[in-house]
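Colleague: Using the sequences and the accompanying hints, generate a full structural model.
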Amino acid sequence: MRVTVTIDRRPEIADPEGTTVKKALHDLGFTEATTVRMDRVIHLDVDGDDPDQVRARVEEMCRQLLANPVLEDFAVELEPSSDGAG
Amino acid sequence: MRTAVVVFPGVNCEHDVVHAIESLGGEAELVWHRDTDLTGFDGVILPGGFAHGDALRTGAIARLSPAMKEVARMATDGAPVLGICNGWQILCESGLVPGAHIANRDLSFICRFEELEVVDTNSVLTRGAEPGQRIRIPLNSYEGNWVDPSETGRVVLRYVDDPNGSQGGAAAVSNAAGNVVGVMPHPERAIDDLLGSSDGRVLLESFLHDD
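Residue numbers (the working numbering), protein chains in the order written: chain A, 1 to 86; chain B, 1001 to 1211.
Errors might be hidden in some of the hints.
To give a feel for the contact side, a few chain A residues facing chain B, derived at Cβ under 7 Å [what the hints assert, rightly or not]:
{"no.": "1", "residue": "I13"}
{"no.": "2", "residue": "E17"}
{"no.": "3", "residue": "T20"}
{"no.": "4", "residue": "V21"}
Hints in this document: simulated from the structure, not taken from any laboratory. Computed from a predicted structure; not experimentally measured. Glycine included, each C-beta is placed from N, C-alpha and C at the ideal position.
Modeller: Structure representation (structure tokens):
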């Protein structure tokens, strides 16, 4: 099953890279970009057919490794199977 | 005092640390990160570098190494535990000191001498120093910007000129007990005037001696 994990740095934590990219966008004239956050997306292929079970396991991966609870929140999205089975 | 210096793949300051500890009369020995037994060591240092190439986040993979279970045990037992630069990042990921590190405020890799002020002498890194003492040692990092939303980390050294945005100006942070400390600049690179400064000596001597 294809799973997409999005790791967001929490809004109250500074994002120096996002700030720098925002400044560069403004230099290019894209001043309408008022917030830029450099979040992270991780794609996983995960064995298993039970969406609830896969989600629970991936959420546990996030808690144990993929996200840092001090800085980040995470969201797990299961993509519909592309092999015709589901 | 016998100190273990843990070597993770990608670490690059381990020999400097061993040299510094031995120069100060201590005993230091390199141990591989897969070692499962640090019995017989009185203290442990996690040296700087780029463990596992900083994959995912600095320190995120290294904290899973078998040796880190022993580091946690020694920390609980009250032994001196010091993480330098990447070593501090590993201690944060392990939860042995509070907080985490993000990129420097100005996105610059900072490699220069920094002036520090001793703000708390109740730690294994600062117990031999005087409150208010100025210390000049080299900083060499990109992700030295420490954040601690829990506000439980105890800043023991602070930068005089705030080079990287670190919370509270923190250059070194201790756990509540004072025996586990992370420091971003490198005391082991400043143990002789030939290196531009010998101010790192008082910090590493503090680590080696509790009197």
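Colleague: Work down the list of hints and note, for each, if the structure agrees.
Modeller: Verification of the hints:
With a least beta-carbon distance of about 6 Å to chain B, the hint placing I13/A at the interface is held under the 7 Å criterion. Given the 7 Å rule on beta carbons, the hint for E17/A holds: about 6 Å separates it from the nearest Cβ of chain B. The beta carbon of T20/A is positioned within 7 Å of a beta carbon in chain B (closest approach about 5 Å), and the interface hint is therefore held. Interface hint status for V21/A: violated, as the beta-carbon distance to the closest one in chain B is roughly 10 Å, over 7 Å.
In the structure shown, a violation is registered for the earlier hint numbered 4 alone.
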